[in-house]
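Asks: Chains as they are written, first to last, in this note's numbering: chain A, 471 to 741; chain B, 1346 to 1647.
Please note that the accuracy of each hint is not assured.
[Claimed, not checked] Only some residues are given here: those of chain B computed to face chain A with a beta carbon under 8 angstroms:
(1) 1515
(2) 1519
(3) 1522
(4) 1523
(5) 1533
(6) 1535
Hints in this document: simulated from the structure, not taken from any laboratory.
In this text, all values refer to a predicted model and were calculated from it rather than measured experimentally.
Glycine included, C-beta positions come from ideal geometry on N, C-alpha and C.
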Amino acid sequence: MSDNSVNILDIKNIEVMYDNVILALHDVSLKVPKGKVVALLGANGAGKSTTLKAVSTMLASERGKVTKGSIDYDGNSIEKQNPSQMVGLGMVQVLEGRRCFGHLTVEENIISGAYSRKLSKGDIDQELEKIYTYFLRLKERRKSQAAFTSGGEQQMIAVARAMMAKPKMLLLDEPTMGLAPQLVAEIFNIVKELNQKEGVSILLAEQNTNIALKNSDYGYIIETGKVMLEGTAESLLNNDKVKELYLGISKKGRKNFRDVLKEESLNKKIN
Amino acid sequence: MANELLFFMEVLVGGLLAGTMYSLVALGFVLIFKASATFNFSQGAMVFFSVLAFCGFMQDFNIPFVLAFILAAFLMVVVGLCTERLVLRPLMNASEDTVLMATIGLGYVLEGLAQAAWGVEVRRLDLGIGDFPVPWIADNLKLFISALDITAGLVAAIMIIGLFLLFKYTKIGLGLRAVADDAGAASSIGIPLKHIMLLVWSAAGVVALVAGMMWGARAGVQFALVDLALKALPVLIIGGFSSIPGAIIGGLIIGAVEKILEVYIGPFFGGAIEGWAPYVLAIFFLLYRPEGLFGEKIIRRV
Chain A
471 MSDNSVNILD IKNIEVMYDN VILALHDVSL KVPKGKVVAL LGANGAGKST
521 TLKAVSTMLA SERGKVTKGS IDYDGNSIEK QNPSQMVGLG MVQVLEGRRC
571 FGHLTVEENI ISGAYSRKLS KGDIDQELEK IYTYFLRLKE RRKSQAAFTS
621 GGEQQMIAVA RAMMAKPKML LLDEPTMGLA PQLVAEIFNI VKELNQKEGV
671 SILLAEQNTN IALKNSDYGY IIETGKVMLE GTAESLLNND KVKELYLGIS
721 KKGRKNFRDV LKEESLNKKI N
Chain B
1346 MANELLFFME VLVGGLLAGT MYSLVALGFV LIFKASATFN FSQGAMVFFS
1396 VLAFCGFMQD FNIPFVLAFI LAAFLMVVVG LCTERLVLRP LMNASEDTVL
1446 MATIGLGYVL EGLAQAAWGV EVRRLDLGIG DFPVPWIADN LKLFISALDI
1496 TAGLVAAIMI IGLFLLFKYT KIGLGLRAVA DDAGAASSIG IPLKHIMLLV
1546 WSAAGVVALV AGMMWGARAG VQFALVDLAL KALPVLIIGG FSSIPGAIIG
1596 GLIIGAVEKI LEVYIGPFFG GAIEGWAPYV LAIFFLLYRP EGLFGEKIIR
1646 RV
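Extracted from the complex, chain A is given alone in its bound form (with noise of 0.2 angstroms):
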């Protein structure tokens, strides 16, 4: 995984500030393969979103900087672009909480996607109809204003409305938060889905660890902005420690991977 060619997303060594004095992150470093799906995982404030956000380039409305280390995306560094150019090369962020636009029907919404997109009004239709082969449920409600649908049909718009953008990329942020059980599978098979036949690549936030990572190639564990911990899918899910500290298989009080750090070294010491 060295290779720029076979990585759509090389992230080195970054840090990110907000407003000049906060550090959100202090050393993230990861890769997305093209074609694959990679999980980020991490606790509330790890710096999972902040991550999503320096690669998308909407850091830039928040106050945040990339104050350290560099993004290359497709082979280019994305240091000089804004979010509708990020756009425009391929990679869209589905922020956390949906956003779905309220007052716009469920179709205008998937339509607005599409914007950044110079299309007759055949070739949208077009598209929206094979949008709605992955998203059957969205068709049913495609009149409904978007406000008054279901939290999980409104994950679905905002990943319908990214998809409308024709993505090469995905950045995913908490897709399942606040979903029932049901619905968290049925947006990962979407999920799933759509990398496999239209061969996006996907970087996933997530805390929920054990879906997650079902549905993934690659996982990154972060904390404190830091990555702590690295690995296929398959080997996280069968790491003790993240079992433990992740999965919610416990023996031990402890809290997070500084902790078990902390433990070892000490360990070491006195042998």
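With the hints as your guide, set chain B onto chain A.
Replies: Then chain B, alone, in the frame of chain A:
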């Protein structure tokens, strides 16, 4: 009795039509409020600036009416462009309050520029439409209704239909509605905020020009037009800050209510209640229906 009813009708219709003049001013506010959630304090100055420029083109350079209108409209697009570049873009990530303050500053700049370029004296604007009763209506319906009021009503109707079509059926209209709902989400899917801002400020500029022409024809093109912004405030509170139909209906209500109150209740207060009655009405709305009649309700799922 029949005469009384006729008189009431005359007051009502006259008020409604005069109200559309307020609606025209309020429309400009709504456009900008939709896109940036900011009350544009410079809207009054834009009215003054645009119509003074229009008069200047016509009277100082002898440019014909239609061409002068096109030039003035183009000038307002340029003003919109400069506003986006010099004021809004640097403040892109600033709070709404900051943008609000910036519009106050922008208002002063526009007022100053207008007077520096075209002078400070009151100008007469003759649109070829008299501000006196239309004889045909006076003869046949026994109602005395000003031709200018009727024109203002027609112009307002055309503008609302045009804006409605623009927002509902065009791509940039969809973009505008998306930005109005959630600017962050809109930019995440590649809707360029600066294009939307440019569109909205240009449209508000042209609306200001039309409103200015109507008011200029009635009251003369003068600095007092700036204070029209204050008249639009109760219209917006009643109609809702984010609704185009609301601006129209709000204007009609204010126009009708102020005339009726003036005629029937005014004498008890020694007259001239026209000036403050709309604000009293606005206060009631603020107390009992703060989003206005047509304002977008904050939709909250439970």
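Asks: Answer holds if the nearest beta-carbon of chain A is closer than 8 angstroms to that of residue 1533 of chain B; otherwise answer violated.
Replies: The hint holds - residue 1533 of chain B has a Cβ within 8 angstroms of chain A, the shortest such distance being about 5 angstroms.
Asks: Hey, does the residue 1522 of chain B contact hint survive, CB to chain A under 8 angstroms?
Replies: This hint holds: residue 1522 of chain B lies near chain A, its Cβ roughly 6 angstroms from the closest one there, short of 8 angstroms.
Asks: Verify the interface restraint on residue 1523 of chain B: the C-beta must sit less than 8 angstroms from at least one C-beta of chain A.
Replies: For residue 1523 of chain B, the interface hint holds, since the closest Cβ of chain A sits about 5 angstroms away, which is under 8 angstroms.
Asks: Holds or violated: is there a CB of chain A closer than 8 angstroms to the CB of residue 1535 of chain B?
Replies: Where the cut-off is 8 angstroms and the nearest Cβ of chain A is about 3 angstroms from residue 1535 of chain B, the hint holds.
Asks: Was the hint right that residue 1515 of chain B lines chain A, CB cutoff 8 angstroms?
Replies: violated (12 angstroms)
Asks: Answer holds if the nearest beta-carbon of chain A is closer than 8 angstroms to that of residue 1519 of chain B; otherwise answer violated.
Replies: Holds. Min distance 6 angstroms.
Going through the hint list in order, the structure does not satisfy hint 1, though it satisfies all others.
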